[in-house]
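S.K.: For reference, the chains in residue letters:
There are 2 protein chains.
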Amino acid sequence: MTKVAKNRKVERKKLSYNKLKGLGEEIIEDVAKKDIPTLKVPSRGTSNIVYDDVKRYFVLGDRYGKRSLGNVKQIKKIGQMVHLANFCKNLVEIEKTATIREMYYVSEGWDIGFDNQQESNNVGEDIEVTLGMSREDLGLMPEEDGASVYGSIVFQEGDIEIDALKSGKSGYTISPTIDEVEFLDHNVERVIAVETMGMFHRMVQENAYKKFNTLIVGLKGQAARATRRFLKRVNEELNLPVYVCNDGDPWGFHIAMVIISGSAKLAHVNHDLATPNAKFLGVTASDIVNYELPTDPLKEVDILRLKELASDPRYQDPAWQSEIKKMIKIGKKAEQQSFSKYGLEYVVDTYFPEKLEMLD
Amino acid sequence: MTKVAKNRKVERKKLSYNKLKGLGEEIIEDVAKKDIPTLKVPSRGTSNIVYDDVKRYFVLGDRYGKRSLGNVKQIKKIGQMVHLANFCKNLVEIEKTATIREMYYVSEGWDIGFDNQQESNNVGEDIEVTLGMSREDLGLMPEEDGASVYGSIVFQEGDIEIDALKSGKSGYTISPTIDEVEFLDHNVERVIAVETMGMFHRMVQENAYKKFNTLIVGLKGQAARATRRFLKRVNEELNLPVYVCNDGDPWGFHIAMVIISGSAKLAHVNHDLATPNAKFLGVTASDIVNYELPTDPLKEVDILRLKELASDPRYQDPAWQSEIKKMIKIGKKAEQQSFSKYGLEYVVDTYFPEKLEMLD
Chain A
1 MTKVAKNRKV
11 ERKKLSYNKL
21 KGLGEEIIED
31 VAKKDIPTLK
41 VPSRGTSNIV
51 YDDVKRYFVL
61 GDRYGKRSLG
71 NVKQIKKIGQ
81 MVHLANFCKN
91 LVEIEKTATI
101 REMYYVSEGW
111 DIGFDNQQES
121 NNVGEDIEVT
131 LGMSREDLGL
141 MPEEDGASVY
151 GSIVFQEGDI
161 EIDALKSGKS
171 GYTISPTIDE
181 VEFLDHNVER
191 VIAVETMGMF
201 HRMVQENAYK
211 KFNTLIVGLK
221 GQAARATRRF
231 LKRVNEELNL
241 PVYVCNDGDP
251 WGFHIAMVII
261 SGSAKLAHVN
271 HDLATPNAKF
281 LGVTASDIVN
291 YELPTDPLKE
301 VDILRLKELA
311 SDPRYQDPAW
321 QSEIKKMIKI
331 GKKAEQQSFS
341 KYGLEYVVDT
351 YFPEKLEMLD
Chain B
1 MTKVAKNRKV
11 ERKKLSYNKL
21 KGLGEEIIED
31 VAKKDIPTLK
41 VPSRGTSNIV
51 YDDVKRYFVL
61 GDRYGKRSLG
71 NVKQIKKIGQ
81 MVHLANFCKN
91 LVEIEKTATI
101 REMYYVSEGW
111 DIGFDNQQES
121 NNVGEDIEVT
131 LGMSREDLGL
141 MPEEDGASVY
151 GSIVFQEGDI
161 EIDALKSGKS
171 GYTISPTIDE
181 VEFLDHNVER
191 VIAVETMGMF
201 HRMVQENAYK
211 KFNTLIVGLK
221 GQAARATRRF
231 LKRVNEELNL
241 PVYVCNDGDP
251 WGFHIAMVII
261 SGSAKLAHVN
271 HDLATPNAKF
281 LGVTASDIVN
291 YELPTDPLKE
301 VDILRLKELA
311 SDPRYQDPAW
321 QSEIKKMIKI
331 GKKAEQQSFS
341 KYGLEYVVDT
351 YFPEKLEMLD
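The listed protein sequences correspond, in order, to chains A and B.
Sequential numbering of the first sequence, starting at 1, is according to the UniProt record's numbering.
Sequential numbering of the second sequence, starting at 1, is according to the UniProt record's numbering.
Isolated chain A (complex conformation):
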């Protein structure tokens, strides 16, 4: 590991450790002062989730709730928070991680456990917002891995160097511990993320990574947290423009938008996950018309979703508004693989170059 990476890792670890320890110290201080121990937990309710026009993603507002040991109803919740924070402190200390499912089972051995997984997830999120840190920093990992990456970039993970051109045709898999990975070297000008692994493999086969000097990222549907963190990091640390190409329907639009402007549910960690400078490349309603793509008719649920998007603060840009209206008007949607109508190579030989030129 390079010295910079090692220092950063040590810093992150120290920060997590101290924040977790601080939670307990706050309670001890209250006891010492003979005050009733109280924790301030920022509210995650919808009324406290605010779209920040400058940052261009959702953030949490100023409202918070108090959890007091003076309130009988809140004693259990505080006990769970302290137990969980202690478990995380231990994870950070020994440099291990656990899935939220493992953590739930571990809690079976505690004096004060959880009734179900949902309850333990909620307490986990309480700790995230209270400390202002993402659960990955606290050692709690999601189950699922992130996207696949193919192209000319070299990562460093511990003592291991990983070349994303030498990890096989399915590329390098972004792991939940992506923040421990350093970008060692690269030779690309941009990043193109695509919704399906079908399109990922098409781009690898057609040498899109050479033609466009790009990293290819296969999202596998809705982008995992680790994928969003990765895209933010390549965008900001390596100054690479990020393009997202998905199916031409409201669900494809929103997969791109969550990468760009984050989700409301994760307002407390969007500062680590959102990439406001990422651009939606397609498939747009205009693409459907201009390229005469094979389509399916919009279903009722698609139209409802498009109308929701139209009034969502993340879609207030005139270009988005125009594309949403156009899709409702033509009443059609198209998959990204539908370019194959013109031959397997068409999407790489014609569509991508034309769209990249438009956006650059």
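Each hint should be verified, as a subset may be incorrect.
To be verified - Here chain A is said to cover these stretches of chain B; the calculated rule only asks that three of the stretch's residues, wherever they fall, bring their Cβ under 8 Å from a Cβ of chain A: (1) 88-100; (2) 172-182; (3) 338-351.
Hints listed in this document are in silico derivations from the structure and should not be mistaken for laboratory results.
A quick note: this is a predicted structure, and the numbers were derived from the prediction, not measured.
For each residue, glycine too, the CB sits at the ideal point set by N, CA and C.
Starting from the structure of chain A, add chain B where the hints point.
M.R.: Just chain B now, with coordinates in the frame of chain A:
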């Protein structure tokens, strides 16, 4: 690429190409002889799917249907088969692949297309059974990638060497084109496949690959075709014993059984996919009792499924029968991550060594 691998690849390609070409030649011969062109398509109906006790997997029986150009109802189907076979012949020739979704869109440009994806999938399967080859050999790839592999093994894919210890913490991803990958070198004694990526990451973190000198395979639920092909190849080409560890419920049992004895639906390609020597390591009903695991009660649908398994020819081994009965009797199921009740390390430090010793 080594010479052996290159030869094998050339042989596979030649075989695929000739079989596809043969399909068209058969029709031309019929025409030349002034016979009515006819194709024999083995039946994939349930009555033609037979469990082979010696091979220990489902195979197709001897029944077949005839598709004749003399039957007006069958003309379209034969036209679709010929078009699709021709498309595949071209793919094999230029050494490309397409997803079945791309193929469907490509067919929009044909004189004789498909009404929907299901119809084109069916014709694809018709060609598979008629030629006795898997669709991967014909260039048609599934959308999804296979499992993740971590451990001391080196693959060769084209000119690229891939070290599964140097592909990152999430390991090497088995791609749909796994048959083009050669096993160059390895230093392991066995393979342990686990159902969840949570368990995969646990095993990587606890150095299970060193402790048991094993490859770790993260199945991500039901094993993809490419994963099953990979497990069969490491078992037969490298003589490595394969163990499967899943959740202790009927669905976990069956994920293992499909790896071991194949599925009925894919009876025509089980000879390429089934690994009859693979062993189910757990979680068994006995494990649930012996290790006093945290459990959930069996649901009605779990019990129904267990009863189905009990009468399935693949589960006639006394050990399986006993475990299925025991699970119904105790009325409980357990996830593989539930060992965390005893601490995160327990599954690797205690459970795996005990179970491997029992099975070896």
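S.K.: Look at each hint and say if it fits the structure.
M.R.: Checked hints:
1. 88-100: Since 4 is at least three, the answer is holds.
2. 172-182: With 7 residues closer than 8 Å to chain A, the region 172-182 of chain B meets the three-residue bar; holds.
3. 338-351: holds (count 7)
Hint compliance for this structure: every hint is met.
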